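Colleague: Letter by letter, the chains look like this.
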Amino acid sequence: MNISLAAEHIAGTALTNAIITGLAGSLLILVLFLFLARNPKTLPTKKQNFVEWIVELLLNLATSITGDNQKALKFLPLVATFFIFIIINNWLGLLPGVGSIGFHEVHNNKDVFVPLFRSTNADLNTTLALALVSVSATQYFGASHLHLSYFKKFINFSSPITFFMGILEIISEIAKVISFSFRLFGNVFAGEVLLAVITGLAPFIAPAPFYGLELFVGFIQALVFSMLSLVFFHVATQHHA
Amino acid sequence: MDIEAVKLIAAGATITAGGIAPAIAIGKMATKAMEAIGRNPEAASKIQTNLILAIAFAEAIAIYALVVALIIKFI
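Protein sequences, first through last, are from chains A and B. Numbers in our numbering are just positions in the first sequence, counted from 1, shifted up by 5. Numbers in our numbering are just positions in the second sequence, counted from 1, shifted up by 2.
Just so you know, these hints were derived from the structure itself, not from any lab. Quantities reported herein were computed from a predicted structural model and do not represent experimental measurements. All C-beta atoms in this analysis are idealised placements derived from N, C-alpha and C, irrespective of residue type, glycine included. Some hints here could point you the wrong way.
What follows is a list of derived Cβ distance ranges for each label pair [claimed, not checked]:
no.	chain 1	residue 1	chain 2	residue 2	range
1	B	Phe76	A	Gly17	18 to 24 Å
2	A	Ile203	B	Ala25	18 to 24 Å
3	B	Thr33	A	Leu218	20 to 26 Å
Build the full structure now, drawing on both the sequences and the hints.
Modeller: Here is the structure:
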């Protein structure tokens, strides 16, 4: 079986197969939404209705968590982007050909198979980037809502207890990056390994239910990532006693 | 014992130990959520979103163990 924890470089260049799939996914999202939501009308067409349905679902979710339409509208663009990017890329990774189309290369006198495509979220670099964007945005939203008093959460000399609480808060921000990136990476990569193992055990019919499971996991992970970001944004913008 | 055998045993032990705690945690959370939905069926959708969030936190621990096991196995 051919399973590599890191994304493989294509023909010795800096370009990895995860980058190729990520670019393809981004291009797909761009073209899809340009096609679906071009020149919007007051009386929506079928295509426009579909996009509005997605946006409305996400907006309702954001409103139910923040409990404030203004705030929900402020957070929605980033959260919806997370959701759509992650779900499209998770599902792109399940297409036949991803991980199976490729070429053979010789590394250290060993013949290795290098796939041309690899699910973007099965590369720790992508998920780490997403996590960093999410946690940086948390700091930005917190600072822009509460101004300087946001940083009282981290640095506070009013009593020894609050000082140590501040240190713990700083650690928890760093832990957020790790948990965000490892959760998404672990789920998607484990899904790929699971599918490879099942296909190795029984190539016919048996993998089908697991593809269904992976579709579900891809959706849940996109939902969890965007919902957790939303909750963290919401918590960061709340006043503390 | 050679290094390959140690690696296999370590990877298996990691995910076994790392799977137990999240399984208990998720079971407990789901039990409580079911009880709550049984008591107040109207709140089902609100409980569900919170349940999924809480489960994601517990599941993350299992995923860390899985990532460590995969690193032991493949590197």
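Colleague: For each hint, tell me whether it holds in the structure or not.
Modeller: Here's how the hints hold up against the structure:
no.: 1; hint: B:Phe76 x A:Gly17: 18 to 24 Å; result: holds (21 Å)
no.: 2; hint: A:Ile203 x B:Ala25: 18 to 24 Å; result: holds (21 Å)
no.: 3; hint: B:Thr33 x A:Leu218: 20 to 26 Å; result: holds (23 Å)
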